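Participant: What follows is each chain in one-letter form.
There are 2 protein chains.
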Amino acid sequence: GISPVVGSKKTLINCLNAASFSIFRSLGGKRHEELILPINSSLSVTLHQDQLKTTTTVACSRHFQEDRIWLNGKEEDINQPRIQSCLREIRRLARKRRSDEDLSNDISLAHRVHICSVNNFPTAAGLASSAAGYACLVYSLSRLFGVDGELSLVARQGSGSACRSMYGGFVQWKMGERQDGKDSLAEQVEPESHWPELRVLVLVVSAERKLVGSTSGMQTSVKTSKLLKHRADCVVPGRMEEMISAIQRRDFAAFGELTMKDSNQFHATCLDTYPPIFYLNDISQKVISLVHRYNQHYQDTRVTYTFDAGPNAVIYTLEDHVPEFIQVVRYFFPPETNGGEFVKGLPVGPASLSEDLKTAIGLEPVPKGISYIISTKVCDSGLP
Amino acid sequence: GISPVVGSKKTLINCLNAASFSIFRSLGGKRHEELILPINSSLSVTLHQDQLKTTTTVACSRHFQEDRIWLNGKEEDINQPRIQSCLREIRRLARKRRSDEDLSNDISLAHRVHICSVNNFPTAAGLASSAAGYACLVYSLSRLFGVDGELSLVARQGSGSACRSMYGGFVQWKMGERQDGKDSLAEQVEPESHWPELRVLVLVVSAERKLVGSTSGMQTSVKTSKLLKHRADCVVPGRMEEMISAIQRRDFAAFGELTMKDSNQFHATCLDTYPPIFYLNDISQKVISLVHRYNQHYQDTRVTYTFDAGPNAVIYTLEDHVPEFIQVVRYFFPPETNGGEFVKGLPVGPASLSEDLKTAIGLEPVPKGISYIISTKVCDSGLP
Numbered sequence: 001g002i003s004p005v006v007g008s009k010k011t012l013i014n015c016l017n018a019a020s021f022s023i024f025r026s027l028g029g030k031r032h033e034e035l036i037l038p039i040n041s042s043l044s045v046t047l048h049q050d051q052l053k054t055t056t057t058v059a060c061s062r063h064f065q066e067d068r069i070w071l072n073g074k075e076e077d078i079n080q081p082r083i084q085s086c087l088r089e090i091r092r093l094a095r096k097r098r099s100d101e102d103l104s105n106d107i108s109l110a111h112r113v114h115i116c117s118v119n120n121f122p123t124a125a126g127l128a129s130s131a132a133g134y135a136c137l138v139y140s141l142s143r144l145f146g147v148d149g150e151l152s153l154v155a156r157q158g159s160g161s162a163c164r165s166m167y168g169g170f171v172q173w174k175m176g177e178r179q180d181g182k183d184s185l186a187e188q189v190e191p192e193s194h195w196p197e198l199r200v201l202v203l204v205v206s207a208e209r210k211l212v213g214s215t216s217g218m219q220t221s222v223k224t225s226k227l228l229k230h231r232a233d234c235v236v237p238g239r240m241e242e243m244i245s246a247i248q249r250r251d252f253a254a255f256g257e258l259t260m261k262d263s264n265q266f267h268a269t270c271l272d273t274y275p276p277i278f279y280l281n282d283i284s285q286k287v288i289s290l291v292h293r294y295n296q297h298y299q300d301t302r303v304t305y306t307f308d309a310g311p312n313a314v315i316y317t318l319e320d321h322v323p324e325f326i327q328v329v330r331y332f333f334p335p336e337t338n339g340g341e342f343v344k345g346l347p348v349g350p351a352s353l354s355e356d357l358k359t360a361i362g363l364e365p366v367p368k369g370i371s372y373i374i375s376t377k378v379c380d381s382g383l384p
Numbered sequence: 001g002i003s004p005v006v007g008s009k010k011t012l013i014n015c016l017n018a019a020s021f022s023i024f025r026s027l028g029g030k031r032h033e034e035l036i037l038p039i040n041s042s043l044s045v046t047l048h049q050d051q052l053k054t055t056t057t058v059a060c061s062r063h064f065q066e067d068r069i070w071l072n073g074k075e076e077d078i079n080q081p082r083i084q085s086c087l088r089e090i091r092r093l094a095r096k097r098r099s100d101e102d103l104s105n106d107i108s109l110a111h112r113v114h115i116c117s118v119n120n121f122p123t124a125a126g127l128a129s130s131a132a133g134y135a136c137l138v139y140s141l142s143r144l145f146g147v148d149g150e151l152s153l154v155a156r157q158g159s160g161s162a163c164r165s166m167y168g169g170f171v172q173w174k175m176g177e178r179q180d181g182k183d184s185l186a187e188q189v190e191p192e193s194h195w196p197e198l199r200v201l202v203l204v205v206s207a208e209r210k211l212v213g214s215t216s217g218m219q220t221s222v223k224t225s226k227l228l229k230h231r232a233d234c235v236v237p238g239r240m241e242e243m244i245s246a247i248q249r250r251d252f253a254a255f256g257e258l259t260m261k262d263s264n265q266f267h268a269t270c271l272d273t274y275p276p277i278f279y280l281n282d283i284s285q286k287v288i289s290l291v292h293r294y295n296q297h298y299q300d301t302r303v304t305y306t307f308d309a310g311p312n313a314v315i316y317t318l319e320d321h322v323p324e325f326i327q328v329v330r331y332f333f334p335p336e337t338n339g340g341e342f343v344k345g346l347p348v349g350p351a352s353l354s355e356d357l358k359t360a361i362g363l364e365p366v367p368k369g370i371s372y373i374i375s376t377k378v379c380d381s382g383l384p
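Chains A and B are the protein sequences, given in the same order. Under the UniProt record's numbering, the first residue of the first sequence is numbered 1, with each subsequent residue one higher. Under the UniProt record's numbering, the first residue of the second sequence is numbered 1, with each subsequent residue one higher.
Wrong hints could be hidden among the right ones.
[Stated by the list, open to error] In silico DSSO-like pairs for lysine-lysine, Cα to Cα no more than 27 Å straight-line:
| # | chain 1 | residue 1 | chain 2 | residue 2 |
| --- | --- | --- | --- | --- |
| 1 | B | Lys368 | B | Lys358 |
| 2 | A | Lys229 | B | Lys358 |
| 3 | B | Lys96 | B | Lys174 |
| 4 | B | Lys223 | A | Lys229 |
| 5 | B | Lys229 | A | Lys223 |
| 6 | A | Lys96 | A | Lys53 |
| 7 | B | Lys74 | B | Lys96 |
| 8 | A | Lys96 | A | Lys229 |
| 9 | A | Lys368 | B | Lys223 |
| 10 | A | Lys74 | A | Lys96 |
| 11 | A | Lys74 | A | Lys368 |
| 12 | A | Lys223 | A | Lys96 |
Don't read these hints as lab results, they were simulated from the structure. A quick note: this is a predicted structure, and the numbers were derived from the prediction, not measured.
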């Protein structure tokens, strides 16, 4: 950590954090709303910062009149309960530490902070922007106020999935059992180096803002879905164990099948809420069919999909299959331009498509159905 | 009944039957495939024959070489197991009755039958064509061979939902408990005269054939969905009781809410199958939003939707609300032509739309999203 801030100088802290994408979801219901305690454990993969990154700068000064926050250049309401939870919790930890260490000359806790956060990807389009954002915010504030310890507990209170974004690689959010949430935290299952062949393609269907924010959706869900509790209690625990084992064995077929089943079941519980929530649109459904037909053609689970609270598909596959699968997407969702900018991020080699494969998939092409693809991979969290 | 056929003359029987639409579904899983025993009880409403009708003609003659069947003018395979089940079961009942009554001179059982069935609505577009078709087939064969008794037991073995189509009004299919299925039969809950204000609008989204036939979908579902059994065992029985009570009280708000929740949960279990099944498309989702926003505007459940194995919406409402709701659909799904043929079936009076209501619904209109509307109501089955 750095030293506590003393005196009147303005202190700046600048941090990066990567987005993390769920492969096993707890979205869809919470057992405690304010503390953000989930109804089941969950798992995610942290992605490379080059492609999906939040950069957060925090500053404090005795001259600041009040706490303020800017997201992507636009000032937002600092009084949002979740931002307040993070600020309050970090200040409480800082106060506790200082009283433990008797740093009585420190005055920075009285200082107000200015927070500035920028994403290099669309906010609230189902691309895990709040996970990366809150993880980065909490980490930056912890550096500013000189706080150590289990920061995933703090990040969780900003946005549940943010707790997983504090770590790189494959990360589990253990739901915990305690009422106060002190055991509801993130833990790395395997580091990013564990499965270097694993690749991630984000198929961006639409950058429009979602009709229903995922939070309001979740709250409705936990109250009205009759299937959600059954999923949390009876389906997820067993599948979660299978998933961790599949990752540890680097068994792509098992990993892929569980990922698809979890995504579908999550969206099933969204549809079972009242009124129902739809995150998948026609293009999402078409991507799902395409993946199943692709795998069917090879009699092998080579590619898997998962969808968060939006229509964009997150595709996992092994690096050998990336060039061909990109060509499949390009063929069935012909891009607007000549395709030069269709794939962003990690470079993808050329590949040709066999007529057999095209025929086996046999879907009607949808021009411009996919805006672009972000090609990325598993990485560290970006935090030191 | 008519007399058994004797000698060489050709005997013709001509029957009508109405389609019936589920308001509580058992689709999505069967406890016995061949006997078609469902995993939960279900409920449907039988509609007026003028709008959705099957006409079946059966003939038998000593000169016919083999059993044959034509659907909408095209010969189909008579050896389909479900058609065979119905033929076998009717002949078995006829044989039993004749041996009971010692009609030893009767020879018509050896005669082959020709079956000709015509729908006045698109086949396999999720418009309950198989329900009406098998109900009509079984009734026609029963007349031909002089069979009485619980024909819903026979119709069930053709197409599960056909057993409910044997009766008019509000019909329950009791799942039963016996292994041999003898107690899995249809029963009228209330006759068509019970709730004369109830009206039905079928919003035909697409007359294209479905990607996945509902039967193959169901078989996958019962094997792979982890939510389906929970729904059948823990959710449906309670809701079914509430639904019957709502119908008996003519409580539209309760009826409407249960109908929407059951439809959504059914489609949730389809999405939870592996690979997932999608019957709802973008237009279906838009109709769902439209209904919720319409009800929200009036702070009252005035309109309800339900979807079978296809994208077409079946709307229930009370007759007072029909003209305005039709205008709402016309406004948000502007038809191709001047709209003269947009509404088929029962005539609908004029209505105007307030700007308030348009603003409250606030969806982007989708030209030609709905091909046409069938305006109909609850009726008898059409069978004598």
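Participant: Indicate, hint by hint, whether the structure satisfies it.
Facilitator: Tested hints:
1. Note on lysine 368 of chain B and lysine 358 of chain B: the hinted pairing holds, with a Cα-Cα distance of about 18 Å set against a maximum of 27 Å.
2. Proximity of lysine 229 of chain A to lysine 358 of chain B is assessed by CA-CA distance (about 37 Å); at most 27 Å being required, the pair is judged violated.
3. A hinted pair counts as satisfied when its Cα atoms are at most 27 Å apart, and lysine 96 of chain B with lysine 174 of chain B qualifies at roughly 26 Å.
4. With a C-alpha separation of about 21 Å, the suggested pairing of lysine 223 of chain B with lysine 229 of chain A holds against the 27 Å cut-off.
5. Taking the CA atoms of lysine 229 of chain B and lysine 223 of chain A, the gap is about 21 Å. The hint holds against a cut of 27 Å.
6. At roughly 32 Å between alpha-carbon atoms, lysine 96 of chain A and lysine 53 of chain A are farther apart than 27 Å, so this suggested pair is violated.
7. Between lysine 74 of chain B and lysine 96 of chain B, the direct Cα distance comes to roughly 33 Å. Violation of the 27 Å bound is thereby established for this hinted pair.
8. With a C-alpha separation of about 38 Å, the suggested pairing of lysine 96 of chain A with lysine 229 of chain A is violated against the 27 Å cut-off.
9. At most 27 Å may separate the alpha-carbon atoms for a hinted pair to count; lysine 368 of chain A and lysine 223 of chain B exceed this at roughly 36 Å.
10. Our distance criterion of 27 Å between C-alpha atoms is broken by lysine 74 of chain A and lysine 96 of chain A, whose separation comes to about 33 Å.
11. Restraint check: the Cα-Cα separation between lysine 74 of chain A and lysine 368 of chain A comes to about 30 Å, which exceeds 27 Å; the hinted pair is violated.
12. A C-alpha spacing of about 37 Å is found between lysine 223 of chain A and lysine 96 of chain A, which places the hinted pair above 27 Å, so the restraint is violated.
Checked against the numbered hints listed earlier, the structure breaks hints 2, 6, 7, 8, 9, 10, 11 and 12; every other hint is satisfied.
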